[in-house]
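Visitor: Residue strings, one per chain:
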Amino acid sequence: MTDDTKAAPAYLLRGAALYGDERADILVENGRISAVGSLANGNGATVIDAEGLVALPGFVDVHTHLREPGREDAETVETGSRAAALGGYTAVHAMANSTPVADTAGVVEQVHSLGRRAGWVDVRPVGAVTVGLAGEQLAELGAMAGSAARVRMFSDDGICVHDPVLMRRALEYVKAFDGVVAQHAQEPRLTAGAQMNEGAVSAVLGLPGWPAVAEESIIARDVLLAQHVGSRLHVCHVSTAGSVEIVRWAKSRGIDVTAEVTPHHLWLTDELVRSYDPVYKVNPPLRTQEDVEALRAALADGTIDVVGTDHAPHPSEHKECEWAQAAMGMTGLETALSVVQHTMVETGLLTWRGVARAMSEVPARIGRVADQGRPLAQGEPANLVLVDPAARWTVDPAAQATKGRNSPFAGRELPGRVVATFFRGHPTVRDGVLNEPYPGSAEER
Amino acid sequence: MKHLLSTRDLTAAEAIQILDTAEEMAAVNDREVKKLPALRGRTVVNLFFEDSTRTRISFEAAAKRLSADVINFAAKGSSVSKGESLKDTAQTLEAIGADAVVIRHPASGAPHRLATTDWIDAAVVNAGDGTHEHPTQALLDAFTLRRHRAQVAGIDSVGADLAGTRVVIVGDILHSRVARSNVWLLTTLGAKVTLVAPPTLLPYGVEQWPCDVSYDLDAALADAPDAVMMLRVQAERMNASYFPSTAEYSRLWGLGDERFARFAAPEFKDTVILHPGPMVRGLEISSAAADSERSQVLRQVANGVSVRMAVLYLLMSAKEFAS
Ligand SMILES: [Zn+2]
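Heads up: the protein sequence lines correspond to chains L and D, in order. According to numbering that gives the first Met the number 0, numbering within the first sequence proceeds without interruption in unit steps and concludes at 444. According to numbering that gives the first Met the number 0, numbering within the second sequence proceeds without interruption in unit steps and concludes at 322.
Because the hints were derived from the structure by calculation, they are not lab data. Where a beta carbon is used, it is the ideal one built from N, C-alpha and C, also for glycine. Among the hints, erroneous ones may be present.
Just the calculated beta-carbon pair ranges, DEER-fashion [claimed, not checked]:
#  : chain 1 : residue 1 : chain 2 : residue 2 : range
1  : L       : E316      : D       : A152      : 52 to 58 angstroms
2  : D       : Y203      : L       : P438      : 55 to 61 angstroms
3  : D       : A218      : L       : L348      : 48 to 54 angstroms
4  : L       : G69       : D       : P277      : 55 to 61 angstroms
5  : L       : T98       : D       : P36       : 44 to 50 angstroms
6  : D       : R7        : L       : E71       : 50 to 56 angstroms
7  : D       : P209      : L       : E71       : 46 to 52 angstroms
8  : D       : T116      : L       : T346      : 52 to 58 angstroms
9  : D       : P209      : L       : G105      : 56 to 62 angstroms
10 : D       : D68       : L       : E316      : 54 to 60 angstroms
11 : L       : P438      : D       : D117      : 54 to 60 angstroms
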């Protein structure tokens, strides 16, 4: 936080429905919410008409691939964090699978610094668990935790920490600085060459299957390890009904586990793979309708704690090819809110308060992100989003801020639009379009 | 029908139309001058990303007998192996003016990509994609079975389906595009298909397929099926623990001399043996079985040309009428 906040203009958000419930005015001053209620505009604040809009705390993504350093053709911290702001996010966790891998204090500080200079959201680097994501030797977790980036989440995402001893040690070690290990649960031997969910569709399409048991067996092992060593575990992108059952069981035993689901796993199924269009190729793969329903129910009842986008932009040539050669991953930052509204809110499974919990409050807590996921209340940091739930829009990947054109929702009409995003009291998005980054960001070192 | 990508999409009427057209083509193949002018001035590209001389020359012969110009593009060892994408290759073929692309590719679904993207406008014929499908192989198998049945019954094969025909398909179903295409096509035509394989070589979810499944070859042979199709088994599967040894595979799932001896029984007198080739003699089939008069292997090869002529003719002349 810089001194610029002192001089920041004030905003009066008129008539927003807080968490979709009672309507109130919100006064934003000096980076904070200075008042909530029925407010007069005494100080000449800029008035933003929020009638009909839902006010929520700014979203926090626990799972974003920003690709920088190394794959700036796919995404940069700048373009990815613009996409995040447009999606209503005020903080993202940048996964460690960059080139070089974010496995040292130097790389995480670089990403952190790029995020501050971009100024659209808090960019929270995720540190690699193992050197080079190679699964052999612990990365310098303590150095990353103690760096300016203050890393608290560690993950080899994209690759599973499959060695049980290494996973145990990582879980134990991060206790020293209140860290969490975010596991990409994928038993590698059971998924060698896997191309899609193993099931009725893969059998017909002749594509090597990625069986549910490869995810579930790792989650089962990891929750038991977390219990044994008394550590905090986060499970990335849970994708199967069986995984939900294991997480539910673990929570009932008091194990300190949190779980994440992606927007695409809340909606899409492996039936889409019949097209062989690699825009539907993702890891973990799209599963079945039964899995989709179990994931929705789990997010509704809190078994799954958070929605994480697993935003994974790819250059078009990595998708305009044969299925087997295509890269795995989908963009998600700019569609997440709409997909959650469609799959969870409009189905009656989740209230807007539930959305705030799953997309802001709990993600911030998992990542130990200060000043994020806070209540919409007087004195709190002004990280918040205004959503128009009545809006309808059609996804056009070419019109998005992300460099990735690999949206599985391309051409679909979605409900809900982010009208404004306030990041530390500054509107990064207004009227549904990008405004300016946080003042003074570009000069920051 | 613009493309032939899968036998799953074919209705019984469409399949019978192809088989009947293939009968007409077979009549041409029996003549002294084996050539029709039907596709004169049209260009067929054989785009092969996988070595398969037998399939390639079958398509080449088919196209040439219809007077089409044929370009053989062996993508192995060409610019493709230097990293050129399928998209670039397809756009090149479009610029050359290909009217049909016959594609063989190690990636399941590659023909679908050609057919469903805007990379190329040509008719696409799937000549085998990964472990997905090999529709012309299934069509030639159906053609061969239909002729055999007609011959046994003393009737004309034209217009007939395969109702009541019992076919046992044995071997590596999991990795077989031939098995998939045959299951859909033969059942669409009314045949009763039984798959026989070790459980490790059956796809997950096979019980949802429109066929019976057995692990026991002797049991499947007990009621003297009309045809037994033996699939090629790669010995390397042993190293991935699909089965313990080639000897055990042969003993349990091979058509060895002892098992073939059962074919001497009267109820087996009309049972034929099919194999899509290339055969691994001594593993899935013994030489005695492969070379017996029950074997349809060489007839399958001859029928392959007729069936591929029919497919090219129906896809490409329909296009001509449309434009
Ligand atoms: Zn992952």
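Visitor: Would you list, in rising numerical order, the hints stated earlier that this structure does not obey?
Guide: 4, 5, 6, 8, 10, 11
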